[in-house]
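Undergrad: Spelled out from the first residue to the last, the chains are:
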Amino acid sequence: MNEFEESRSLIEAVKREIAKEIIGQEEIVDQLLMVLLSGGNVLMEGMPGLGKTRLVHTISHVFDLSFKRIQFTPDLMPQDITGTSILMRTENGSEFTFRKGPVFANVVLADEINRATPKTQSALLEAMQEGTVTEGGQTHQLPKPFFVLATQNPIETEGTYPLPEAQLDRFSCKLNLDFPKGEQLKKIVLLTECDTDVPAEGNEAGDAVMLGALPAAGSSTQADKTAQKICDMETLVRIQGLIRQIRVADPVMDHLVEIIEATHEKNRYIKEGSSPRGAQAMLRIARARAFLQGRYNVSFEDVRFAAYPVLRHRIIPSFDAISEGISTDRIIDDILKNHPVRNA
Amino acid sequence: MQTGRILSACIFALTISAATGITLEIISFFFPVLYLHWWILILPLIGILAALVSGIFRRPSMQDAALYLDEQGFQERTVTALELMEDKGKVAALQRSDAASQLRRGEEAGKLKFQMMPDPKKAGIAFAALSVMIILLFVPSPAREAAQQAEEAKLLAKEEIGEIEKAEAALENALAQEELTPEQKQAIEQMLRELENSKATLSKAATKEAVGRETEKLDFKYQDMSRHLAQFTAGMPESPTSQAMQNAADQMAQNGGMENADGQIASNDPGSGDSANGEPQGKPGEGQDQNGNGDQNGNGDQNGNGDQNGNGDQNGNGDQNGNGNQNGNGDQNGNGDQNGNGDQNGNGDQNGNGDQNGNGDQDGNGNQSGDGDQSGNGDQSGNGNGNGNGNGGQNGNGPNGNGNSGAGGQNGNGGSGQGSGQSDYGSANGIHDYVSLPNETGDDANLTGESSGQGDSDMVRTQNGLTWEGEHVDGQQVIGQYRQKAYDGIEQGKYPKGMTQVIKNYFDGF
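Protein sequences, first through last, are from chains A and B.
Heads up: the first sequence begins at 31 in the numbering used here, then just goes up one per residue.
Heads up: the second sequence begins at 37 in the numbering used here, then just goes up one per residue.
In isolation and in its complexed conformation, chain A is listed as follows:
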């Protein structure tokens, strides 16, 4: 077994661990892992209470990464994110000491980022871009790997500061979290509120679960219920390096470029198309997907899959699209339909 296959097996184990604590949302978990493995950052949009915090926390736990959560509020200051210098009394007298902010973690959850002021948002986004924090003339390196998951609430838009397009561009992907379906919701409630065994993921929804029942013989241990650490930082960094070596054939690259260029073609629903960062992000996500599927090369399908999370927040819809209720996902659907894969 070569290192690619070992890494793949490890990632499969990570998924299984995550599935212990996160019911459903397999696609979201896969995409989150793709972004993490490609070294990007994620903007997630979903209703409150869908388990975003728990998900990120679980991922950081499984990978043994430091995790910090920042709740963005309108009164949050930039120094509250990056850290600040504090006058400290030392043996030699008083001196300023830099106290690192919550951004100095491997995994940072920026909750409701659109509630903070633009100045505060910039502080985080600048740190994401540069990988460093400069304070008092000193530059402090952020830890590696560095992964930011920012969330936005699609409702409660009053008193919020939507991220400008230039700053949205810094997020590799935007994921939409959907409300869980009936059976998934039941399992979530059982998992969190009841001390019972929840049927493992993949079982049919019809399996009966009794509330308050004693654990049956041979029932799961604590280790089976909660996600365990099975990976570490170095392994993650190594896997990120492997993924960057996944090859791309010329026709596949041409197709990727064709899709990005298509966002700039005359379209009544597009006000502004994707930047070149979108092409870079698409390739990274496509590589990560190819890796997870056990291939050493990127396929047309990987590129077309990556188009949705990567371009969703990069395509600026026009007034016509907004007024007619045309979502960016539909715009991406049309683009992909009009630019099919080149046949031999």
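Please note that the accuracy of each hint is not assured.
Stated by the list, open to error - In silico DSS-like links for lysine-lysine, alpha-carbon gap of 27 angstroms or less:
#	chain 1	residue 1	chain 2	residue 2
1	B	235	A	174
2	A	50	A	296
3	B	530	B	126
4	A	367	A	45
5	B	202	B	244
6	B	244	A	367
7	B	235	B	202
8	B	190	B	126
9	B	158	A	367
In short, the hints are calculated from the structure, not lab data.
Chain A is already provided as a structure; the job is to place chain B on it using the hints.
TA: Leaving out everything else, chain B in the frame of chain A:
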């Protein structure tokens, strides 16, 4: 893969060409489309040729083949492996190995296939389109018939124009000769103009009928030109000029359906039977003799070089052209012309309205009655009574003739046997009109009637008398103008068909 591509391209080309053909055919139902059947034949051939050329030059590359394979579910492993053939890196090797193993599995599962035969649906559509195209070709419509007519007319016109060009070449050759008189030059130039007019009319002819009408006029022109050229040639000494004129005359005659300018159409018929009405007798240019005792009845032309011997009557409306002798006791009745160099021997009557032109002897005792002209150089012996109205008189040198000239006048000295030549009726040169003046007794035998005895009538013979005052115009010029007007009218179709020959005969007499 290339074979499959070529076959697919051929199917596509056939579909497109069939669709184009169907479109053309639908248009042809409403608008005439020339050479439609050729287009229907050529379009699929062009399509297939283009497909073959395209298929040969657009040879699929290795990348194309790899992509084609990957479409079978190999997720671009093959094309990536192809690009990494020269890469010695670890990941490249892993990728190639992965691609190879997948291809092997695919081969075992029967996935590695190159489709050579084109899509049956597309082939079916192409076949259906071609069938519709062929079926529509046979559906008639007025526009199509008009187009077909136009095509046929074009072909016919092309043939005729070819003949016109030969005639023009011969005329231009004659025109280039130095020994032509100004009148001859003018005449040849007029002939060229007339041929050009016919050419222009034929080029524009849209129906066979139009071509036919113009061809008829053209035949008339050819015959007329042929005769005129032959007349120019007659009496000319042997020279390049006369040869050129003769060649031109022969070309005209050939175009007009005659053997040559002087010939008759010879008949293979030994002349033992009667010809039916309306059938031309004999074949042109065979030079056969017609012997026997037969009557020729009907409306036919006798052209060629042959002798007509025997005792036959020629009745009807026919022309006898060429160099032949008519011996025997036959009557020539009807409205026909005897042109050429032939002798008419025997005792025959020439009745009707015909012209006798050429150089021949008229021997025998015959009566010439009717309205006809006798011109040429021949011996006239015998006793004939000339009655009727001859316009233009009797020209030539005719010794030994005791003829009584009719009201048309017999100018010259034919009555006394001393033919002195040409009579120029109305010419400024020569002796002019005779004037009768009252109160003098005249001795003109033409003054018939009973004298009342009351008063005197005078007759004076004088040259350039009282009535000679005024403006004088050359008679030939006047006749020429009338002739030109008549010919123009014939060309423009002003006169009924049956009258064109009559008009021709009338002016030929001048």
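Undergrad: All the hints need checking, so say for each whether the structure fits it.
TA: Here is how each hint holds up against the structure:
no. : hint          : result
1   : 235/B - 174/A : violated (96 angstroms)
2   : 50/A - 296/A  : violated (47 angstroms)
3   : 530/B - 126/B : violated (100 angstroms)
4   : 367/A - 45/A  : violated (32 angstroms)
5   : 202/B - 244/B : holds (22 angstroms)
6   : 244/B - 367/A : violated (59 angstroms)
7   : 235/B - 202/B : holds (12 angstroms)
8   : 190/B - 126/B : violated (77 angstroms)
9   : 158/B - 367/A : holds (23 angstroms)
In this structure, the hints that do not hold are numbers 1, 2, 3, 4, 6, 8, in rising order.
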